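Asker: If you read the protein sequences in the order shown, they are chains A and B.
In case it helps, my numbering puts the first sequence at residues 1 to 119.
In case it helps, my numbering puts the second sequence at residues 1 to 119.
Hints are not guaranteed to be accurate.
Calculated cross-link-like contacts (lysine to aspartate or glutamate; reagent style EDC-like; alpha-carbon spacing at most 16 Å) [claimed, not checked]:
id, chain 1, residue 1, chain 2, residue 2
1, B, 46, A, 94
2, B, 117, A, 4
3, A, 67, A, 78
4, A, 84, B, 4
Quick list of the computed label-pair ranges, beta carbon to beta carbon [stated by the list, open to error]:
id, chain 1, residue 1, chain 2, residue 2, range
5, A, 7, B, 116, 39 to 49 Å
6, B, 66, A, 112, 37 to 47 Å
7, B, 105, A, 118, 41 to 51 Å
8, A, 104, B, 57, 32 to 42 Å
9, B, 46, A, 38, 34 to 44 Å
10, B, 3, A, 3, 19 to 29 Å
11, A, 74, B, 35, 53 to 63 Å
Since the hints were made in silico from the structure, they are not lab data.
These numbers come from a predicted model, not from an experiment.
Note that CB positions come from ideal geometry on N, CA and C, so glycine has one too.
There are 2 protein chains.
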Amino acid sequence: MTREPRSGCPIASTLDIVGDRWTLVILRDLLNGKSRFSQFLSSPEKITTNILTDRLATMESAGLVTKSAYQERPTRFEYTLTRKGEALLPVLHEMCHWANVYIPGTWTPPASFMARKPR
Amino acid sequence: MTREPRSGCPIASTLDIVGDRWTLVILRDLLNGKSRFSQFLSSPEKITTNILTDRLATMESAGLVTKSAYQERPTRFEYTLTRKGEALLPVLHEMCHWANVYIPGTWTPPASFMARKPR
DNA sequence: AGTTGTAACTTGCAAGATGCAAGTCACTAC
DNA sequence: GTAGTGACTTGCATCTTGCAAGTTACAACT
Numbered sequence: 001m002t003r004e005p006r007s008g009c010p011i012a013s014t015l016d017i018v019g020d021r022w023t024l025v026i027l028r029d030l031l032n033g034k035s036r037f038s039q040f041l042s043s044p045e046k047i048t049t050n051i052l053t054d055r056l057a058t059m060e061s062a063g064l065v066t067k068s069a070y071q072e073r074p075t076r077f078e079y080t081l082t083r084k085g086e087a088l089l090p091v092l093h094e095m096c097h098w099a100n101v102y103i104p105g106t107w108t109p110p111a112s113f114m115a116r117k118p119r
Numbered sequence: 001m002t003r004e005p006r007s008g009c010p011i012a013s014t015l016d017i018v019g020d021r022w023t024l025v026i027l028r029d030l031l032n033g034k035s036r037f038s039q040f041l042s043s044p045e046k047i048t049t050n051i052l053t054d055r056l057a058t059m060e061s062a063g064l065v066t067k068s069a070y071q072e073r074p075t076r077f078e079y080t081l082t083r084k085g086e087a088l089l090p091v092l093h094e095m096c097h098w099a100n101v102y103i104p105g106t107w108t109p110p111a112s113f114m115a116r117k118p119r
């Protein structure tokens, strides 16, 4: 499911990984402490299950998250950010700044999110 | 062509505008001084004409660019960034930093681009 | 024993977006 | 009058997304 980079341009290459409407929304949730399938489903944007399954698998193969079982019988999974995934935090911060200035009606993100720094 | 925001989340709302594989690539070209249809076509990512037409119209209706004729007979157009469009520069900067660290083989952007600041 | 509930998917199908190739229109220049 | 350029437009096949419903594997309650 991984896309070939269109060029060596860092912007185009980044978009080859996160250039869709959902990946960074899931990443936002992960940065805010969510880790399970059902938790991502509960977000206000209402992602559907097939897209969520697909996006989590793509993010795993891109090295943004790791998937692991947090219990057996029945097996249940959780997703945790890798350092590579976590390092996208500044991109999300800048999107928040931009939206808060240029898109009326956007929420101010929780201070805990805006104050967070990557490792 | 403008999408309804899925929620008040600044990240989701930003992605409702620029959450695809091409919009920020065109924005990168605009920030690097390109302004004409044929100039965008010449970029290494090889966008096709129908997508470019569609994306420029969507960017115009989202207020990221303005379209104006730079000559009559025959009429030719150029696209210039609005302040709103230009203000996405920090998002692109952070993508460059991320890609240069985490995606091997990405180019180091021109210093003129990385040093640039929004108005 | 049987029903209900929960987590994490999977499947089917329709609608929309993207990619590729070719064609169009209004000119300019040779 | 032929060729070239800029900015599209059109047709069509494929890929992606969205919506609804179904599945699997259990736990827990009645």
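Asker: Could you run down the list of hints and mark each one as holding or not?
Answerer: Verification of the hints:
no. : hint                       : result
1   : B:46 to A:94               : violated (27 Å)
2   : B:117 to A:4               : violated (31 Å)
3   : A:67 to A:78               : holds (6 Å)
4   : A:84 to B:4                : violated (31 Å)
5   : A:7 to B:116: 39 to 49 Å   : violated (20 Å)
6   : B:66 to A:112: 37 to 47 Å  : holds (38 Å)
7   : B:105 to A:118: 41 to 51 Å : violated (22 Å)
8   : A:104 to B:57: 32 to 42 Å  : violated (22 Å)
9   : B:46 to A:38: 34 to 44 Å   : holds (41 Å)
10  : B:3 to A:3: 19 to 29 Å     : holds (22 Å)
11  : A:74 to B:35: 53 to 63 Å   : holds (57 Å)
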